[in-house]
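*Asks:* Quick note, the sequences are listed as chains X and L, same order.
Positions 1 to 454 (the UniProt record's numbering) are the ones given, in order, by the first sequence.
Positions 1 to 454 (the UniProt record's numbering) are the ones given, in order, by the second sequence.
In case anyone wonders, no lab produced these hints; they're calculated from the structure.
Glycine residues also receive a C-beta, built at the ideal position from the N, C-alpha and C atoms.
A couple of the hints might just be wrong.
Unchecked claim - Chain X is nowhere near these chain L residues, computed Cβ spacing over 10 Å in every case:
(1) Phe-35
(2) Ser-161
(3) Val-173
Claimed, not checked - Computed list of lysine-lysine pairs in DSSO-like fashion (alpha-carbon distance at most 30 Å, straight line):
(4) X:Lys-126 - L:Lys-418
(5) L:Lys-126 - X:Lys-52
(6) L:Lys-126 - X:Lys-144
2 protein chains.
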Amino acid sequence: MDIKFLYDNHETLKEQKVTIIGRVRSNRQGKAVSFMVLNDGTVLNDLQVVYKPETFGFEQGSKARVSSIVEIEGILIPTPTRPQPFEINATSITLLDQAIEEYPLQKKEHSPEFLREISHLRARTKTFQAIFRIRSTAAFAIHKFFQENNYVYVTTPIITSNDAEGAGEQFVVTVNEDKDYANDFFGKKASLTVSGQLNGEAFAQAFKNIYTFGPTFRAENSHTTKHASEFWMIEPEVAFADINDNIQLMQDMLKSVVGYVLEKNMTELEFLQEQLEPGLIDKITGIVNVEFKVNTYEEVLKTLQDAIDKGHKFEENNIHFGLDLGTEHERFICEEVNKCPTFVINYPKDIKSFYMKQNDDGKTVAAVDLLVPGIGELCGGSEREANLDKILERCEFYGINPEELDWYIGLRKYGFYKSAGFGLGFERLIMYITGASNIRDVIPFPRTPKTLLY
Amino acid sequence: MDIKFLYDNHETLKEQKVTIIGRVRSNRQGKAVSFMVLNDGTVLNDLQVVYKPETFGFEQGSKARVSSIVEIEGILIPTPTRPQPFEINATSITLLDQAIEEYPLQKKEHSPEFLREISHLRARTKTFQAIFRIRSTAAFAIHKFFQENNYVYVTTPIITSNDAEGAGEQFVVTVNEDKDYANDFFGKKASLTVSGQLNGEAFAQAFKNIYTFGPTFRAENSHTTKHASEFWMIEPEVAFADINDNIQLMQDMLKSVVGYVLEKNMTELEFLQEQLEPGLIDKITGIVNVEFKVNTYEEVLKTLQDAIDKGHKFEENNIHFGLDLGTEHERFICEEVNKCPTFVINYPKDIKSFYMKQNDDGKTVAAVDLLVPGIGELCGGSEREANLDKILERCEFYGINPEELDWYIGLRKYGFYKSAGFGLGFERLIMYITGASNIRDVIPFPRTPKTLLY
């Protein structure tokens with residue numbers, strides 16, 4: 001039996017004999033009665049065990065230190081007047097493995113910084129139990145949403161020779177470590193992928209609906225709470241789809257994923273709401289229940305300028321076509337103006353990527369970013385440029401050698417009628433859902449500059 | 001509408017008007033009637049479109065080359081006497097995008113070698129449509145199985161500083177490319193992971209039941225049909241579990257995953273059975289329906305020796321304790337002797353990994369390999385060594401510096417009572433399920449020595 005089983009069945013198990021193996025969270029001797037709190041990781045809630053000097057194995061049990069493993073036999077007793085619905089009256093305790101006294105996670109508060117240093121142990125704390133269980137649930141919810149809608153999961157390559165995407169600095173993958181790429185393992189320069197999108201687009205031409213979900217990498221020396229060197233991305237792509245289909249898909253996916261987490265992990269969300277972010281559950285329930293708004297980039301500029309004219313002060317007040325919206329602008333739009341998640345579409349072409357479809361106005365592209373209250377941009381995507389000449393012109397503008405991407409650009413020669421997709425940083429979504437404010441706290445073993453532990 | 005929708009609803013749609021966008025597989029003009037075969041990737045089956053000189057857009061339609069994108073309006077007509085259950089009588093054809101004449105996938109047979117050269121296009125062929133859809137279904141089935149059994153999905157790190165696992169040659173991850181690791185991105189030597197197991201074990205101590213599912217890497221210069229430089233692994237780990245629990249889990253998982261593919265992808269399996277492997281469906285149905293057998297390693301040795309004594313010839317006939325069983329031996333046991341999937345347990349400790357639990361006999365470890373008819377070893381695992389001194393002794397034996405893995409080995413100090421898990425190479429499973437004989441044909445964009453395309 002595990003502790004989840006007891007929680008799921010405690011009403012039918014009352015007054016019954018149960019056997020449990022668990023890890024000791026605390027162990028406190030009283031004069032007549034002693035209390036041991038156990039957890040086995042199968043559920044966020046702990047199990048309270050009551051034992052007495054006459055309990056078989058009392059001697060062993062009373063010596064069990066924090067983090068030791070014990071086996072308990074006992075009777076499940078309802079405790080309707082207490083916070084936990086039941087406890088175990090132990091009849092027998094076996095100390096299966098004693099922990100050393102120097103276990104780092106004694107029952108006290110630890111700083112997030114300290115816990116990041118022990119990422120092989122921190123998942124045992126309640127906060128990280130909650131975060132990583134939600135991460136797991138959300139990952140499954142993403143697969144479930146796409147599979148139920150007939151999307152094919154494509155594992156795009158991690159090691160790549162594409163270095164012309166311009167999406168960020170790349171790590172080099174090598175065996176010889178001598179920059180003599182022709183004689184290296186792959187016979188050419190190899191890097192870690194920054195995005196599976198281009199490969200995904202090729203597969204969307206085969207399956208119509210595809211999604212990727214895998215790790216991506218940035219060799220950027222940034223020390224912020226939002227950036228990690230290794231993180232996971234979801235990149236759906238749909239052939240024969242335009243920017244409006246893309247907007248609909250983003251909205252449907254997010255509502256589905258957040259709704260699934262709300263359904264499965266309310267205990268964890270309540271705990272995190274208390275520990276990390278007041279109002280968390282209302283915030284994410286809002287994602288499920290509201291219709292998102294759509295603004296054009298130029299509408300956003302006008303709204304921002306109006307606000308400035310009425311006295312609002314941003315850090316950046318020079319609002320002009322071509323401005324890359326800052327988080328302050330994004331949050332203002334979705335939090336103060338629309339008060340709901342907001343799609344911003346049709347950005348200036350020169351601040352977006354080479355593969356985005358140019359609109360007929362000659363100055364914007366069919367790009368879309370989703371802004372959500374609390375963080376600003378959550379994900380972004382676009383309809384892709386179908387016209388070979390136009391994409392070549394954009395390559396030239398950005399200094400991309402089209403020969404290095406001829407396989408990708410050339411897809412347009414073999415029958416290509418619209419394609420649209422987006423990228424969602426998985427960790428950003430998990431931060432949003434859990435209330436965690438540092439990306440290092442939603443990744444099991446985070447990788448950042450100068451930090452490579454475990 | 002997509003073509004899957006038509007197949008799912010053709011009975012209610014009969015004589016109804018439908019609109020479809022698809023890619024031209026073939027286009028053949030007859031005197032009175034012309035035929036266009038379309039596919040949109042949403043389903044393996046094609047759609048036959050019938051059109052005539054009086055069809056609106058006949059001119060455009062008749063010019064549409066292979067791989068062009070067309071939009072068809074027409075009436076769905078049942079064709080109960082033909083292989084396909086219905087066809088479309090076109091009323092209107094629009095050529096949305098014309099493909100060039102030099103499209104590489106004209107309607108003829110292509111060699112697997114040629115298709116590997118164009119991995120950005122080959123997913124459009126029926127064989128690869130079937131393989132990659134099954135890959136997607138199986139990936140989801142794995143997540144579904146574990147999630148429904150309360151396992152937490154853990155994304156273990158891709159970039160790692162662990163280089164002491166002994167599981168294989170590693171790629172180096174670097175920015176500076178000068179072997180001056182102290183000044184490199186992470187301040188130490190960084191590599192691509194060969195296994196998430198050790199990190200997964202740490203999380204099993206927190207959640208009891210966990211699984212990983214992510215890419216792993218081997219920088220081995222092997223040119224076989226079974227090895228790729230980048231492949232995906234599933235590595236479940238369960239705390240408080242022994243080798244028997246592990247055997248049960250392997251069996252339950254495989255039956256569940258194969259059963260789900262049989263349920264969802266029978267069309268694809270029938271196609272692959274015809275194209276790649278006669279008897280495929282019976283073979284994998286066998287996985288679902290039979291109870292697997294368990295043999296000890298020493299029982300296997302005896303069976304092999306008996307066979308040799310009776311005249312059977314292996315390539316390797318020197319059967320002795322310490323022999324690393326070859327595929328020929330493995331297949332003989334499960335195909336000729338047991339005629340069913342077979343677990344072999346309790347291997348000699350000196351041919352297995354340092355972290356495996358030593359049995360009381362002093363010479364074997366609680367390791368388990370699963371052998372299946374047709375390929376031999378499909379996956380392997382073990383109960384883990386819980387005893388600190390014993391694991392340190394094994395480190396010494398294998399020349400592993402325990403200080404480099406102190407975080408992992410040290411888990412045994414903080415309360416550790418049994419742990420067991422296994423590793424399943426995802427591509428090996430997909431080869432088994434699809435009948436594909438080369439690992440390059442079950443990976444969307446395969447990476448092998450000197451090959452890094454797209």
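*Asks:* Each hint should be assessed against the structure and marked as holding or not.
*Replies:* We went through each hint and held it up to the structure:
1. With a least CB separation of 18 Å from chain X, Phe-35 (chain L) remains clear of the 10 Å interface cut-off, as annotated.
2. Distance check for Ser-161 (chain L) against chain X: the nearest CB is about 5 Å away, which does not clear 10 Å, and the non-interface claim fails.
3. Distance to chain X contradicts Val-173 (chain L) as a non-interface residue, since its nearest Cβ pair spans about 5 Å, not more than 10 Å.
4. A threshold of 30 Å between alpha carbons decides the hint, and for Lys-126 (chain X) with Lys-418 (chain L) the separation of about 22 Å falls inside it, so the pair holds.
5. Distance check on the hinted pair: Lys-126 (chain L) and Lys-52 (chain X) sit about 69 Å apart at the alpha-carbon level, beyond 30 Å; violated.
6. Restraint check: the Cα-Cα separation between Lys-126 (chain L) and Lys-144 (chain X) comes to about 25 Å, which is no more than 30 Å; the hinted pair holds.
The structure is inconsistent with the numbered hints 2, 3 and 5, although it conforms to all the rest.
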